[in-house]
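**Q** The task is simple: from the sequences and hints, build the whole structure.
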Amino acid sequence: MLQGWFIAGSSFAYLGLLFAIAYYAGRRADAGRSVIARPSIYALSLAVYCTTWTYYGSVGRAAASGIGFLPIYLGPTLMMALCWFVLRKMIRIAKANRLTSIADFVAARYGKSQLLGGLVTVIAVIGVIPYIALQLKAVSNSFTILLHYPEIVMPSRADTLPWQKDSTLYVALLLAAFTILFGTRHLDATERHEGMVAAIAFESVVKLVAFSSVGLFVTFGIYDGFGDIFSRAGTSPHLAELLTLHGASAGASSWVSLTFLSMMSILLLPRQFQIAVVENVDENHLRRAVWLFPLYLLLINLFVMPIALGGLLHFGAAGVDADTFVLTLPMVYQQQGLALLVFLGGLSAATGMVIVETIALSTMVCNDLVMPLLLRLRWLGLSRRDDLSGLLLDIRRSAIVAILLLGYSYFRAAGEAYALVGIGLISFAAVAQFAPVIFGALYWKGGTRGGALAGLSAGFLVWCYTLLLPSFAKSGWLPSDFMDQGLFGLALLKPQQLFGLSGLDEIAHCLFWSMLANVGAYLGVSLARSPDAREARQATLFVDVFRVTPAPAGAAIWRGRAQVDELLPLMGRFLGPERARAALDQYARERGVASVDALAADAGLVHYAENLLAGAIGSASARVMVASVVEEEPLGLDEVLDILDEAYQMRAYSRQLEQQSQELSAATRELRAANLRLTELDRLKDDFISTVTHELRTPLTSIRAFSEMLFADPRIELTERRRFLGIIVAETERLTRLINQVLDLAKIESGNAEWHSAEIDLREVLLASVEATGPLFKERGIALDLALPAAAPAIKADRDRLIQVMMNLLSNAVKFCAPGVGRVTVSLKVEAGYLWVDVADNGPGIRRDDQKIIFEKFRQGGRGNDVLTGKPLGTGLGLPISRQIIEHFGGELRVESAPEEGGIGATFSFSLPLATQEVKPT
Amino acid sequence: MSKTILIVDDEPNIVISLEFLLKREGFRVLLAGDGEEALRKLAELAPDLVLLDVMLPLKSGFEVCQEIRAHPDWNSVKIVMLSAKGRDTEVQKGLALGADAYLTKPFATKALLAKVKELLGE
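First to last, the sequence lines map onto chains A and B.
When we follow numbering that gives the first Met the number 0, the leftmost residue of the first sequence carries the number 0, and every step to the right adds one.
When we follow numbering that gives the first Met the number 0, the leftmost residue of the second sequence carries the number 0, and every step to the right adds one.
Bear in mind the hints are in silico, worked out from the structure with no lab data behind them.
Hints are supplied without guarantee of correctness; some may be wrong.
Restraint-style ranges between C-beta atoms, simulated for each label pair [what the hints assert, rightly or not]:
| # | chain 1 | residue 1 | chain 2 | residue 2 | range |
| --- | --- | --- | --- | --- | --- |
| 1 | A | Lys828 | B | Leu112 | 56 to 62 Å |
| 2 | A | Glu748 | B | Arg27 | 44 to 50 Å |
| 3 | A | Glu748 | B | Thr103 | 25 to 31 Å |
| 4 | B | Glu117 | A | Ser689 | 28 to 34 Å |
Note that CB positions come from ideal geometry on N, CA and C, so glycine has one too.
**A** This is the structure we're talking about:
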């Protein structure tokens, strides 16, 4: 019921729809209202990574090796999630230098080398052609299978058909025509194709929808959900093996090599470079792609295992190729519409890949291979033509046709020997050869043109020998002797067991040797010679892209003379006269120059022209063309080094200035802080003096008042007289004490106090202090208890100072105890390497709020408020001094009291470390 | 009838000297050891003049002075502030709060008596 004309018609209708989308997006772009300037579109367009290889091939690989299909998608996921900054750097560099392909990228980095650009192009074309063949194979196979609907007939081997009957050829030609329509309608200096990107993004949606539809149909239509399929597969011993990690025939080396390959491919395949770097509208779109693209990969892989298992369960060993399960499963269940949708989805995957890949390759072939040759061979002839833009387009169109025909040839030659996935991996291994020179380009300034050429050549040759030629040999296209016996009969040169290395699958094997040769040659040759002027300049533009502004840096290292009326025709030749004129007009406007003719042909203009040309014909060719009309004075290495040196010195100088200014402001900050501290200290000193003065004036007031009264009035009675004189004496003593303590404290605080440290017996100190204060206790009728051990370990301290502390604590205790009923207890104990002394009284206690205050200067505790008896006669300096003394000897002085909670009295305790260093455990 | 003077100070010896000095001159003398007691005695015993220390427990002399001046009944009460704090700003503050005089400790007994008598109109 599905006639050939109907399938073909549907295909054309679908391609027409794609073209309409592309046309619309292109028009919108020309009108300045881009439809692709959205992060989601960017992420979807990246999914051009998923070709028919994914669409049909993943199921095939899963049917053979279980989850062995996964590394191909793990790689890109890892790359996007973890190494997005690599891609961001590539985008930045490509935009800054108008690089339009991976060949251009490599050529530009290593001194704008035409040879290198050509080599990259050759490797890319040869490497990718199997991949294109794979798409052709998939489309023509699916077409043939669908044609026999509802019967399942595997397509016959292509090489048995004469070529004019081979539908694959017509698929190739059709895709060529379509690609030409998409990609080469006009020449664009930026090589950006907004219409194409829109169509690719649309195709990514179609692929996903079609594949998921089959997945849903198989999982829920034929079977009863995921669990059903997996449990049924589990009962078959052959299938059960697929469900284990062990199922993949090769082990860890295969996983690692496949993951590595696909990580490189997402960056280095020409079409990925085209989509991810060249067609990128906005660097910030990466942020969404970082998760959206991996999500896409996850979704499109969701149903791979169910379809593979479903197919194996249904067809068994019935000779149905697992690569076709996606299509044949709907067919055996008579799902005509679904089968057609699947075919269109596959077509979508194929066209997307082929269009972008061939556009990218044709740009490279034109700019980096054909144009340099033409310009060299027939330079005089070309130079007379005013407008070469038409020629450029023609070259590209021819390149597109040629590439697709090459793909077809490979398909005829080797296509049948490999499954889809096998063919794709050959291509992946080829583009992986770009990895060393590209990563070197991004992060290493030491790489040279010679090193890049050597590395690429070595890696490519090894790839050819270990992977490409064997693929021909396996298909019988080449004699297979060298496979079995090694080249020239040398067993060491067996292509897939090179130097006796066995045990790896062919991809891992090729990757090991080619990367070894590639990296070794690249590093070895690069290190043999330091980069020349141009290489060094380009290296700086690439490696330091986030630091240098390209235009001035690029223009700085140039000296010569140019004429605007020579540059303009040159640009016109490749861009078309009108576009060239418009570009220069714009340049003139940006510089604030009235017209193009008034432009000075300085380094800036020459650089601008070269950059613009680079977009059209590649950076290496642009370099040659500009050099042809500009009288350049070649700069010697010395001069370039001088310029670089000068720039370096400028940078160093400015860094130095910056550093000095930072140091200055740091110093200012420090000064300000110091000043603040000084002001604060000054204020504290003022406060201190004011407080001391106040404390001195108070006793003086009494002394003066009584003295004056006694002096003025001789009639005062004797008892009064004695009382007043007693007060005067007491206040004088208070004054003396105060002055002594102020001086003492000042000495301690300034560090000028004299300390006599000696081993002393604290027991003896306590007893001496108690004896000295004995009269005081007796006078006020207060009991004193001693709780001392028979002996105490020695401590190191100043005996007089400790007696001072004890006298202070004891007299304080006496002062606050009620006469007659007061009781003070002095105790001594050893604890954790310290001696602790407690002086406890049964006075009114100290409120929690006051417990801190009493250790401050001149802040006496307000214990007892009776105006006539309660005012302590102390100086307010005893406790602060005591604390200073105890802390000086490494102990602490503190108070415990809780009158709020009904506690009785206050206990002052101080500790002193034992003289022996050993600390006894408690 | 002799005039009544309230002495407000927390230094016992100063209180003793002032009490002796003023009693000898024939004044009736009341005593208070902190700001709140001072205000209580003011309300109860209506002295004619207050000798007021500044650094007092519970309520400072400045606060007491302010409350006296804010009270309508105590308009006629004379206030002499006595303080060991002799800085200009403190003197200004006391006078601004309504003190009639501000004497810095240590003061001359004659000067104090003269000021007291002047304020009481004797």
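**Q** Are the hints correct? Go through all of them and say.
**A** Against the structure, the hints come out as follows:
1. Lys828/A / Leu112/B: 56 to 62 Å: holds (59 Å)
2. Glu748/A / Arg27/B: 44 to 50 Å: holds (49 Å)
3. Glu748/A / Thr103/B: 25 to 31 Å: The hinted range 25 to 31 Å holds for Glu748/A and Thr103/B, with Cβ atoms some 29 Å apart.
4. Glu117/B / Ser689/A: 28 to 34 Å: Between Glu117/B and Ser689/A, where Cβ atoms are some 30 Å apart, the hint holds.
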